[in-house]
Amino acid sequence: MSTKTPSKADILRPIGTFSKKYLAVYSVAALGLIAFLIAWAYQLEKGLIVTGLGDWGTGGGATWGLYIGAFIWWVGVAHGGIILSASVRLLGMDRYMPVARIAEMTTIGGLSAAGFYILVHMGRPDRMVTSVLGHFHITVNNSPLVWDVTVITAYFVLSATYLGLTIRYDVNRLRDDLPDKFEPIYKIITFGYSEKEDEIIQRMVWWLAAAVIIMAPLLLHGGVIPWLFSLLPAMPAWTGGIQGPMFLSIALMSAISGVMIISYTFRRVYNWEHIITDDIFRGLLLWLGFFTLLFLWFQLQSVLNGAFLGPLNTQHAAEGKMAHPAYQVAMTMIFLTLVYIFLQAIRPALFSKTRALIASCAILAGTLTEKILFVVEGFFPPTFDIYTATPGTYFPSLIEILSLVGTVSLVALLFLNLAKLVPVVELHAIEHLTGDHGHEHDHEETTKTETEPEVKA
Amino acid sequence: MSTDDESFHPLGQEWEDELETMLDDTEYDSDLGMEMAKDAMRVTKGELSEADFHEKYHEDVMDEFGVDDRPTEEAYEEAKKNAGGFAEMLKSFDGDGDESRRDVMKKMGVGAAAVGLGAWGTAEGGQPNVADESGGHATEAHREGDTQWGMAIDLERCDGCLSCVQACASENNLDQGVNWMYVLDYEDGGADTSQNRLVRPCQHCTDAPCEKVCPTTARHTRDKDGLVLTDYDVCIGCRYCQVACPYGVNYFQWDEPDISTEEIAADPENDGEGDMMVDDRDRWVDSRSPRGTMSKCTMCPSRQDGLSGEDKVGTSACEDACPPDAIQFGNMRDEESDPQRYLDNPSRSRTLIQVGAESAIPEVAGLEEDLADADADLESVLEASQDLDEETLQLMKATEIVTENFGEGDADSVDYEQNIIEIFDVLEEHGLDLDSQEVLVGLDLADEPDEDEEFEGADELDAQNALEAFAGTPASNFRLLEDVGTNPNVAYLGNEPGPNAEQVEGPVAYEDTQYERSDGSEPNLVDNRKEEILDEGTVGDAGVSL
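First to last, the protein sequences are chains A and B.
So the first sequence is numbered by UniProt numbering: it starts at 1 and just counts up by one.
So the second sequence is numbered by UniProt numbering: it starts at 1 and just counts up by one.
Bear in mind the hints are in silico, worked out from the structure with no lab data behind them.
Every residue gets a Cβ at the ideal spot worked out from N, C-alpha and C, and that includes glycine.
Nothing false has been slipped in among the hints.
For the chain B half of the interface with chain A, some residues (derived, Cβ under 10 Å), not all of them:
{"no.": "1", "residue": "Y186"}
{"no.": "2", "residue": "E211"}
{"no.": "3", "residue": "K212"}
{"no.": "4", "residue": "C238"}
{"no.": "5", "residue": "R239"}
{"no.": "6", "residue": "R291"}
{"no.": "7", "residue": "G485"}
{"no.": "8", "residue": "V504"}
{"no.": "9", "residue": "D535"}
{"no.": "10", "residue": "V539"}
{"no.": "11", "residue": "S545"}
Which chain B residues face chain A? A few, computed with CB under 10 Å, are given here:
{"no.": "12", "residue": "T217"}
{"no.": "13", "residue": "P246"}
{"no.": "14", "residue": "D483"}
{"no.": "15", "residue": "K530"}
{"no.": "16", "residue": "D541"}
{"no.": "17", "residue": "L546"}
Work out the full structure: start from the sequences and follow the hints.
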């Protein structure tokens with residue numbers, strides 16, 4: 001536990017510094033994104049034939065693959081991120097305030113990546129505006145894909161507003177310490193700001209958070225996104241009400257893992273041990289364990305429901321899923337992570353930030369695999385499975401795999417850019433840590449002392 | 001639904017018997033009850049008006065029960081204003097179990113009608129069947145209009161020659177592997193697999209899931225005739241339709257199609273007004289799709305719009321090409337259309353094709369020549385004629401006997417009937433009276449009357465038996481995946497593939513069949529598009545699969 005006191009200077013450090021390492025990371029991320037943009041240009045030139053996709057049925061392929069799998073994964077990361085941040089504000093989980101903004105930024109990044117995937121996935125992305133918006137009033141009544149685009153847009157607006165409102169407060173107070181070269185941007189951000197609004201903004205943010213928390217299970221990642229699949233009657237691997245909770249649990253797992261990785265990186269680079277404390281990681285890890293447990297429970301439910309007594313189409317789907325090596329690997333990885341999390345909860349000595357980082361990476365890899373597999377597997381045991389070319393074959397092409405590099409780079413670039421523009425840890429968190437410092441710190445110290453002997457044991 | 005089940009009730013004979021027993025338990029007249037139940041079913045199908053139904057049984061009901069508590073005509077008018085008519089009232093009485101049905105009987109004072117009502121509730125809520133749709137009353141209330149193009153496909157007549165697949169690919173200039181029409185053989189665990197074959201065009205569902213999920217309205221149902229089409233100018237290529245279709249009939253255009261629009265428009269074989277791409281609403285919905293959009297069987301809108309010539313209206317490329325006439329294309333809402341006639345009496349239609357088609361029918365001139373010196377009795381005529389034997393004549397006559405308005409109508413099969421009429425004319429002219437006792441009894445199409453009886457003419461049952469003995473009756477009559485609720489407009493006759501059906505090699509390989517396209521190229525058909533075509537374009541094809 002660091003004895004340093006969190007200060008404004010701490011959260012301003014990323015903005016004021018410029019290192020070779022930063023430049024190197026920035027270059028790698030930029031290269032990653034550019035590489036995929038070139039690959040995408042090639043795809044636009046040649047058509048989607050450059051992917052490993054095909055027509056399910058007589059054609060012998062999977063209609064959707066990595067693009068859609070990664071799309072729902074990123075949406076999950078985004079939704080989980082905003083839920084995390086909203087919980088902090090709504091439920092008064094002040095402990096996590098230092099990572100709240102990172103979670104919000106993750107949401108913006110995740111939604112950007114997801115939105116990008118929509119375009120990448122389309123045969124005719126140039127028609128998005130004319131064809132989709134032009135018929136919106138008709139299609140919104142029926143098409144889950146339109147619901148999807150609608151809620152993602154709504155979500156983006158909600159998250160951006162949320163982030164924007166809280167940033168106004170910070171930028172206004174830190175303005176003198178922020179670089180002048182971004183003056184125009186700060187002017188836009190703080191347009192019409194007066195101190196009188198602080199209280200109102202707090203209330204608005206609270207209501208936005210309440211909206212997010214209520215909408216998340218009902219409409220967003222617990223509703224509309226899984227409905228994209230679960231409402232279709234002919235693909236038994238996708239069908240069923242369990243997909244709602246399943247998607248939501250995956251979203252939260254992925255988001256917590258993502259936030260942990262990003263927080264870890266910031267903490268390490270900018271020496272924020274006293275801001276993003278070990279305590280936060282321990283807490284996040286426990287939450288991760290909780291949602292991982294839920295996820296495994298839902299998996300068990302969905303698999304057992306088909307495998308025990310059919311009907312045949314559901315049975316084929318469940319058996320196919322269980323027998324798949326990638327599924328087994330992903331589930332084992334997730335299960336072992338869960339075991340670790342529970343063990344370190346019982347024996348705190350087993351905790352280390354590196355292990356927490358490894359756990360996060362394992363969960364992210366596991367959920368991404370599960371998502372892609374989930375999409376592809378839908379086509380493997382369709383109800384009408386009479387064709388010899390069913391199950392078809394699918395393996396992501398290099399361009400599809402590159403899209404993962406591209407979108408991860410995109411999100412990294414977003415953070416790298418934002419970190420130079422605004423504080424990634426909000427001023428409120430610092431005020432909170434310093435303001436209540438005496439009391440809070442005493443309490444923490446006592447807890448630490450109490451647990452100390454056990455740690456040593 | 002099995003065709004040999006004579007029950008009026010959609011749930012079959014067993015159910016009907018059970019109902020009858022139930023009625024026997026009551027103090028009322030079971031026969032009257034069952035009669036009324038039958039007619040109640042007819043009311044639900046629209047064959048009998050509600051007012052007529054009321055009137056028909058009024059006296060009987062008064063005799064039996066002393067009171068007629070059924071909704072009277074006036075009550076019916078009132079009910080129609082309030083709740084959609086007698087039919088709606090009937091529907092609300094669809095009992096959940098025996099007890100509630102008994103209650104209903106008591107309540108109405110006429111148990112009989114309730115039996116019909118229960119029957120009706122089932123017909124309404126259950127799976128659509130051919131009988132339902134022939135009348136145009138039915139479950140498909142979602143689209144108005146007199147026309148719904150569709151097909152009846154006789155799987156027992158299909159010989160797996162792939163002519164339909166070939167004709168479709170050629171007519172629509174499809175890329176290899178884009179099998180809008182697909183024919184497959186399968187094994188289903190049974191011993192005899194000779195009749196296990198499925199012909200799979202797009203089902204042009206009345207409640208098409210592909211259309212429902214489309215984010216752009218590119219996939220749409222044409223108001224005038226129920227064709228489910230893709231507007232290639234609107235489609236964004238999200239492939240959600242392909243994902244939502246339970247039949248797997250969609251094919252995405254992953255890269256630039258082989259044949260350009262210029263080549264399609266300049267096709268020397270296209271002598272119609274249209275360019276085979278744009279329909280009569282000026283929307284690009286026909287032929288192969290452009291890059292990045294979805295395509296599937298269209299049921300030939302250029303033909304249906306008369307843009308390929310008036311003679312092609314009501315036909316499809318696959319139907320035209322099918323050697324055994326296993327595909328019957330036509331208006332599913334017209335009882336006189338080819339598919340509905342076929343479904344109505346498959347044995348008759350099968351026989352008609354086999355004895356009435358140009359290839360099968362004796363030449364008129366030749367027949368006249370043969371008969372020139374023959375006597376006018378049946379035996380002499382058959383002896384003199386080289387191409388007309390007793391069986392053929394019997395089948396021709398049997399077809400006529402079981403057909404109302406023989407030789408009249410717009411259906412393609414009417415041509416066959418007219419061919420037969422021409423032969424009959426030659427025979428009648430020669431002096432052979434085909435409706436005489438001698439001929440009909442001689443052909444086993446009528447019973448010899450007893451000495452004191454008058455000859456009653458042709459016996460329809462005998463005729464039907466002769467047709468069935470010759471052409472057989474289909475194993476079953478089904479639509480694909482009915483429980484998914486898509487209301488498909490392709491009706492099948494033959495074996496329905498079960499949940500364990502697995503595709504096996506057919507008699508003709510896709511690879512061995514070539515098709516001609518507008519640019520003169522003649523590629524072969526491809527079965528597995530992914531392996532043979534698409535993988536070539538994949539960047540970094542790993543050769544493995546998830």
